[in-house]
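Student: Sequence:
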Amino acid sequence: MTTPVLFDLPGPKARRRIRIGTAVGVLVVVAIIALVLARLAGNGQLEAQRWAVLFDPASQVPQALGQALLRTLQVAIVGMVLATVLGLLLAVGRLSEHRWVRVLVSTLIEFFRAVPLLVLIFALYFLLPKFGIRLSAFWALVGGLVLYNSAVLAEIFRAGILSVDRGQREAAYGLGMRKTQVMTLVLLPQAIRRMLPVLIAQLVVLLKDTSLGFIISFPELLRGARSLVEFFTLQFGNQYTFQLYVAAAVVYIVINLLLSWLARYVERRTRTSQKAAATTPTELPADVQMGGGGGAVPAAR
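Residue numbers for the sequence shown follow UniProt numbering, beginning at 1 and rising by one.
I should point out that these hints are in silico values taken from the structure, not numbers from a laboratory. Careful: at least some of the hints might be erroneous.
Pairwise CB distance ranges (calculated) [stated by the list, open to error]:
no., residue 1, residue 2, range
1, Thr233, Arg193, 43 to 53 Å
2, Val266, Ile32, 28 to 38 Å
3, Lys13, Pro57, 53 to 63 Å
4, Val81, Gln190, 17 to 27 Å
5, Ala159, Leu185, 15 to 25 Å
6, Pro62, Glu97, 54 to 64 Å
7, Glu267, Val30, 30 to 40 Å
Even glycine gets a Cβ: it sits at the ideal position worked out from N, Cα and C.
Take the sequences, apply the hints, and build the full model.
Tutor: Encoded structure:
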């Protein structure tokens with residue numbers, strides 16, 4: 001039995017053209033990288049002495065970047081947790097059977113999705129003090145990230161929940177489950193597995209958006225690198241500017257790669273758990289009534 005496809009498989013000539021195009025693309029990328037490295041070497045930017053300052057404790061650069069990284073991670077972790085929880089609540093509210101709840105939540109989601117993140121941060125940091133509410137730079141940055149990303153995550157959660165087959169919901173109600181049980185035990189576990197890549201991608205965006213704290217002078221990673229650049233410029237001119245900014249960029253890249261690896265790991269684990277669950281009985285909650293008594297429901301075959 002042949003597997004149906006949505007497009008024609010490439011023939012020998014097409015595969016040869018693909019290989020040639022790939023080789024040409026690789027050569028172009030290599031040539032661009034070589035050209036950039038040559039220009040940097042010509043400007044003396046690749047000298048070992050310029051890069052050694054990034055690893056020399058006497059220069060205070062590793063310590064300063066490490067502290068800035070910790071502050072960035074603090075903002076990112078707090079923002080991720082709060083945005084995820086609030087986004088899930090908003091998604092459930094938008095799926096509510098009560099019209100007034102749906103209208104209110106939908107208005108909030110669309111409003112915070114439409115307002116630029118930078119405007120939210122400015123409003124929390126500069127506008128709220130006029131009404132007697134003063135937030136620190138940390139909480140103004142976290143608040144802006146939470147308000148914006150929770151609205152985006154709410155739509156991701158809602159789409160994931162709606163993607164679950166309607167029969168799953170109906171079967172759960174048929175077993176006597178309440179709405180809360182259907183959502184937490186049936187819909188969300190399946191929805192999270194489906195939307196995990198998109199969810200992680202949005203959290204990566206949140207992490208990178210912490211750099212907007214630079215605008216309100218919060219000492220996150222980008223601001224820390226900028227402060228080091230200003231200090232070393234006064235002492236040595238522009239000798240270390242490129243290296244310091246590259247160090248900050250590499251840190252961001254490494255963190256994002258780690259998050260991507262974590263997403264793939266969790267996805268593999270959930271897929272493995274799902275296969276294992278398909279071969280074992282599932283125990284129903286104690287308060288779910290099934291006729292005269294409860295028990296284990298054998299896995300579908």
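Student: All hints are to be evaluated individually against the structure, with a verdict given for each.
Tutor: Here is what the structure says about each hint:
Checked against the hint of 43 to 53 Å, the pair Thr233 and Arg193 passes, with Cβ atoms roughly 50 Å apart. Between Val266 and Ile32, the C-beta spacing of about 35 Å keeps the proposed range 28 to 38 Å intact. In this structure the hint that Lys13 and Pro57 lie 53 to 63 Å apart at CB holds, the actual value being about 59 Å. As the Cβ distance of Val81 to Gln190 is approximately 22 Å, the hint placing it in 17 to 27 Å holds.
In this structure, Ala159 and Leu185 meet the distance hint of 15 to 25 Å, their C-beta atoms being roughly 20 Å apart. A C-beta distance of roughly 56 Å is found between Pro62 and Glu97, which places it inside the suggested range of 54 to 64 Å. For the pair Glu267 and Val30, the beta carbons lie near 32 Å from each other, so the given range of 30 to 40 Å is met.
Going down the numbered hints, you'll see the structure goes against none, and every one checks out.
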